[in-house]
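J.: Spelled out, the chains give:
Number of protein chains: 2
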Amino acid sequence: MTTTSFPPPDKAALEHGAALTPRFDANGLIAAVATHAGTGEILMLAWMNAEALDLTLKTGEAHYFSRSRNALWKKGETSGQVQIVRELRVDCDQDAVWIKVDPQGDGGACHTGARSCFYRVWEDGRLVERP
Amino acid sequence: MTTTSFPPPDKAALEHGAALTPRFDANGLIAAVATHAGTGEILMLAWMNAEALDLTLKTGEAHYFSRSRNALWKKGETSGQVQIVRELRVDCDQDAVWIKVDPQGDGGACHTGARSCFYRVWEDGRLVERP
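Chains A and B supply the protein sequences, listed in that same order. Under this note's numbering, the first residue of the first sequence is numbered 1, with each subsequent residue one higher. Under this note's numbering, the first residue of the second sequence is numbered 1, with each subsequent residue one higher.
It is possible that some hints are incorrect.
To be verified - Below, simulated DSBU-like cross-link-like pairs (lysine-lysine); rule was C-alpha separation at most 35 angstroms, straight line:
id, chain 1, residue 1, chain 2, residue 2
1, B, K74, B, K11
2, B, K58, A, K74
3, A, K11, B, K74
4, B, K58, B, K11
5, B, K58, B, K74
To be verified - One side of the interface only, derived from the structure: several residues of chain A facing chain B at Cβ under 7 angstroms:
id, residue
6, V82
7, I84
8, V85
Derived by calculation from the structure, the hints in this document are not laboratory data. We treat Cβ as the ideally placed atom computed from N, Cα and C, and that holds for glycine.
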């Protein structure tokens, strides 16, 4: 299955076509947002390269590309927080994907132990932890 | 109000501190996800530079940085789809923000006319429009 091809035929195809033609950035990455398939909350925002996106589509489990480690990364490989993908969406100009996932293991997604990586809210000029 | 400073003191402060110390990328940008404050659905994923983030915090209306136009951009300036920010969250390593917004104007967020930019779902090897 070839999921990625360049360049997209034209703007109409990019925005309304049936072909997945992700527009990876100069580093070969696309932003990926994962929400909890049950609750809808945003769990994390990470990056996928073409291989990570292909593996995510083929295996049904979320794969990312770690910018800090410069390596492909299967979510949950060490933490057990595997993410089973229930739905994958792409945005209008195909430079971002949204996956709805069921987190396995302890049900969390963040290396800090929080359920979601977005556990801090900006309030009155400071960040407050509110998981 | 200085909302941004570099570098963050240390990993503990980055992940659990009260200071907003966003880690902009090499292009000076941070990913920003906007969800509908009412329904929770993801409306769009865009980018903010330091100025856009500051303006978002100061005005309570979403500002972004357009990578294609290389310019600061107040959401809704021409479309009327101003986004009133109800909550702003930052993730564990402060390289992404999540804003919950009330879209003004026609209530949409996408230049295609769709409510959300993520109107296409990957199904059986193709993208299907399902707003």
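J.: Would you mind marking each hint as holding or not holding in the structure?
T.: Evaluated hints:
no. : hint           : result
1   : K74/B to K11/B : 32 angstroms, holds
2   : K58/B to K74/A : 38 angstroms, violated
3   : K11/A to K74/B : 23 angstroms, holds
4   : K58/B to K11/B : 27 angstroms, holds
5   : K58/B to K74/B : 13 angstroms, holds
6   : V82            : 19 angstroms, violated
7   : I84            : 15 angstroms, violated
8   : V85            : 9 angstroms, violated
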